[in-house]
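> Please put together the full structure from these sequences, using the hints given.
689 is the number of the first residue of the sequence shown in the numbering used here; add one for each residue after it.
No lab work stands behind these hints: they were computed from the structure.
The C-beta atom is built at its ideal place from N, Cα and C for all residues, glycine as well.
One or more hints might be untrue.
To be verified - Label pairs and their calculated CB-CB ranges:
{"no.": "1", "residue 1": "Pro721", "residue 2": "His693", "range": "27 to 35 Å"}
{"no.": "2", "residue 1": "Asn743", "residue 2": "His693", "range": "49 to 57 Å"}
{"no.": "3", "residue 1": "Ser710", "residue 2": "Pro733", "range": "16 to 24 Å"}
{"no.": "4", "residue 1": "Asn703", "residue 2": "Asn743", "range": "15 to 23 Å"}
{"no.": "5", "residue 1": "Gly746", "residue 2": "His695", "range": "16 to 24 Å"}
{"no.": "6", "residue 1": "Thr731", "residue 2": "Tyr698", "range": "30 to 38 Å"}
{"no.": "7", "residue 1": "Asp723", "residue 2": "Arg694", "range": "33 to 41 Å"}
{"no.": "8", "residue 1": "His693", "residue 2": "Asp739", "range": "35 to 43 Å"}
{"no.": "9", "residue 1": "His690", "residue 2": "Pro721", "range": "33 to 41 Å"}
{"no.": "10", "residue 1": "Phe692", "residue 2": "Pro740", "range": "36 to 44 Å"}
{"no.": "11", "residue 1": "Phe692", "residue 2": "Glu734", "range": "33 to 41 Å"}
{"no.": "12", "residue 1": "Ala741", "residue 2": "His695", "range": "31 to 39 Å"}
{"no.": "13", "residue 1": "Phe692", "residue 2": "Ala741", "range": "17 to 25 Å"}
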Amino acid sequence: RHLFHRHYAYDANGNLAGVNDSRKGNRSYHYDPLDRLINVRGTTPESFAHDPAGNLLGQGDQPAANLANVKGN
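Shown next as structure tokens:
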């Protein structure tokens, strides 16, 4: 018997589309036409904004300068 179950799903472009986790709940990942992550839906929804060059501008209502875990693009 398993202690927990986690299943990953990917879209046609190879992007992570969803995670079904028996302990942390389900999350779905959504991308813009350029395959940039724009939002995550789940128990704690998140949204992301990018400039035309693909740089992360912010997460939710937080500008990128206030994000502690941003590394690269």
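> Confirm or reject the claim that Asn703 and Asn743 have a C-beta distance inside 15 to 23 Å.
At 18 Å between Cβs, range holds.
> Using the Cβ atoms, figure out if Pro721 sits within 27 to 35 Å of His693.
holds (32 Å)
> Could one say that the CB atoms of Thr731 and Tyr698 fall in the range 30 to 38 Å?
21 Å Cβ-Cβ, so the 30 to 38 Å window is violated.
> In this structure, is the beta-carbon distance linking Gly746 and His695 contained in 16 to 24 Å?
Between Gly746 and His695, where Cβ atoms are some 30 Å apart, the hint is violated.
> At the C-beta level, are Phe692 and Glu734 separated by a distance inside 33 to 41 Å?
violated (22 Å)
> Taking the CB of His690 and the CB of Pro721, does the distance hold inside 33 to 41 Å?
Holds, since His690 and Pro721 (Cβ atoms, about 38 Å apart) stay within the stated range.
> A range of 35 to 43 Å was offered for this pair. Does it hold for the Cβ distance of His693 and Asp739?
holds (38 Å)
> Can you let me know if the beta-carbon spacing of Phe692 and Pro740 is within 36 to 44 Å?
holds (41 Å)
> Would you say the C-beta atoms of Asp723 and Arg694 sit inside 33 to 41 Å of each other?
violated (23 Å)
> Within 16 to 24 Å: is that where the Cβ-Cβ distance between Ser710 and Pro733 falls?
20 Å Cβ-Cβ, so the 16 to 24 Å window holds.
> Between Ala741 and His695, does the beta-carbon spacing fit 31 to 39 Å?
holds (34 Å)
> I want to verify a distance hint. Is the separation of the beta carbons of Phe692 and Ala741 within 17 to 25 Å?
39 Å Cβ-Cβ, so the 17 to 25 Å window is violated.
Of the numbered hints listed earlier, those contradicted by the structure are 2, 5, 6, 7, 11 and 13.
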